[in-house]
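So the chains spell out like this:
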Amino acid sequence: MVARRSALGILTLLLASVLVFAATQTLPGNAATAALRNTGSAERVAVLERQLHLNDPAISQYTQWITGLVKGDPGNSLANGEPVDTLVMGRVENSAVLVLLAGSIGALLGAALGVAAAARRGGWFDNTLSVVALTFTALPEFLIALFLVICFATVWLHVLPAVAQIPPGTSPWSNAESLVLPTATLVLMIMPYVFRMTRAAMIEALESDYVEMARLTGMSAPRVLFLYAFPNVIPTVVQVIGLCLLYLAGGIVVVEYVFNYPGVGQQLVAAVTDRDIPVIQFIVMLLAAFYVVVNIGADVLALIATPRRRLPRSG
Amino acid sequence: MRAISPAADAQIAGAPPLELEELPAGVGPRDSVLRGVFRTTRGRIGAGLALLVVLVAVIGPFVAPHSPTEFVGPPFAKPSSAFPLGTDTLGRDVLSRTLKGGWELLLLGLAGTAAGVLLGATIGVVAAFRGGLLDAVLMRGVDVVLAFPQLVFALLLVSVVGPKLWLVVLAVAVAHAPQVGRVIRSAALDVSERDFISSAELIALPQREIIFSEILPNLTSPLMVETGIRLTYSVIIIAGLSFLGFGLQPPEPNWAVMINENRGGLSANSWAIVAPAFLLALLTIGVNTLTDAIARVSLGVDGRRAATAVVPARPPALEVRE
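Residue numbers (numbering that gives the first Met the number 0), protein chains in the order written: chain A, 0 to 314; chain B, 0 to 321.
Simulated from the structure, these hints should not be mistaken for laboratory data. These numbers come from a predicted model, not from an experiment. For every residue, glycine included, the Cβ atom is placed at its ideal position computed from N, Cα and C. Be careful, since some hints might not be right.
Derived CB-CB ranges, DEER-like [unchecked claim]:
no.	chain 1	residue 1	chain 2	residue 2	range
1	B	Ser66	A	Ala57	43 to 49 Å
2	B	Pro83	A	Val130	55 to 61 Å
3	A	Asn126	B	Pro78	34 to 40 Å
Not the full set, but computed from the structure, chain A residues with beta-carbon under 7 Å of chain B [to be verified]:
no.	residue
4	Leu14
5	Ala15
6	Phe141
7	Leu142
8	Thr153
9	Val154
10	Leu156
11	Gly249
12	Leu286
Chain A regions said to be covered by chain B (calculated; three or more residues, Cβ under 8 Å) [claimed, not checked]:
no.	segment
13	129-137
14	262-273
Okay, chain A solo, but in the shape it has when bound (with noise of 0.2 Å):
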């Protein structure tokens, strides 16, 4: 099954990168006169079409762009020469930081509120979290994000920096304090999620027959809770985290812009602002690969956690 889906997501990538290099092409306008804002003047677009190899056939283009990119060496930036991969490789860390915090605080709190709303059902727990997950699952992320940077950073208290301050060949971890914002607004972000859907399968869960069968024995309601009903809950769990996960990577785009947080979703926004095609193609099929990564892993650890699947081999 590992397999199957490994190749599977490795087509998935393959026309992925086919995609992202057709939008480069097909839509009007190309690298170089993206590159020079559409107001450089022919000569100059010529000298750089040919730098660029874009008067290849495109197919060609396409193979040297693909080999280079599997090779490990995505080409330069246009925007000031660099080559690409260690412009972004250095940004990867600080990003990953941000996801996997995110990640973990989110899902741990989502799933554990999920469980504890669904044990008291219709309460007034339930209800009023049910209602802040539906709010907050609608609202966009830098509303969120502008919303703690009014209660912490400016109108209100003034304990966190609103901008990040990380300098370059630094660690994310030795300055936690620019790390606290931005990680806050992503759990605001997955939470409500988690919370969603754990809450529906614990409900699922907590009404089906089994669980009727362990309470009917007079097993104790925590013990029905956590033995019986939770691991039925666990594939559902992994699922939504990967689901968050893959949130997240769209998130950290506008997250990391609003407070200026030196990852790879500043610097594809930067790149957009420059018209720098090799640096976006890169972040953006590096965004694609950690989707399908995410993706396997995710099927995979939710199979292994579905006890219906376990359960009949051991006993």
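Starting from the known structure of chain A, arrange chain B on it as the hints suggest.
For chain B alone, coordinates are given in the frame of chain A:
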């Protein structure tokens, strides 16, 4: 095709419209779903909030006291009787800009949603009905587009052409189509297995007629829910793009652009951000709450399906085979 009993055969001969009897539990004809939605608290609140913002966006431009691009005072002036919400980063009237800054966002959101739902529903229905190779190809294409976060996909398109409004709509539509396609495909497969479709096939209705008069009416509920979800996300994506500087462009007022350009004056005149942010939040919250109510009424009250419906459809769900 399923074997059909003589009794059922006789029923078909009379050929009464079978859809009504065949509707799954909880799904009524369209009007009763909407009536049910407005009986729920969530439905009323959601519709009320969304309607309020729509009214501001539509009527606002006619009642704005100043031109949205006119410099009327010093930057980030505090609220005063002349400028109830103060001025923005360039000394323009925040109230006027807020009143005029919604309709374009709303219009683009609706256009992107309509295009995305149309494209996605077409993909879903075609994939479900043609099956075979076409289905496989379409679903693989869907997987590929899903591999990009929606905002990133939109940024990729915008980076080459530059911020053009038609491109923003296109990017939003293409970003939504895969999710809609998935949901509608599985809903269509669900419907196509029901008896009234078999009977329609038995009396040799042309496939086009089966799709348009038998299948599509039964996809109303999932389509309404999907449209609601997509509308929320369209507004979020377009606002996000505009916030980053790649969607709607200054100097014309727009809530997302206003929020970005006034970030520097948060402590001087926070109204310049709070006013547009409040309306934008009410809009997305309103639409999402209304969608939640529709999902609950049409797909089952408070059940798992209602909760999952408002979370965008997941990539291929885990298959547990026993």
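For each hint, the structure was consulted:
no.	hint	result
1	B:Ser66 <-> A:Ala57: 43 to 49 Å	holds (48 Å)
2	B:Pro83 <-> A:Val130: 55 to 61 Å	violated (31 Å)
3	A:Asn126 <-> B:Pro78: 34 to 40 Å	holds (36 Å)
4	Leu14	holds (4 Å)
5	Ala15	holds (5 Å)
6	Phe141	holds (5 Å)
7	Leu142	holds (6 Å)
8	Thr153	holds (5 Å)
9	Val154	holds (5 Å)
10	Leu156	violated (12 Å)
11	Gly249	holds (3 Å)
12	Leu286	holds (6 Å)
13	129-137	holds (count 4)
14	262-273	holds (count 5)
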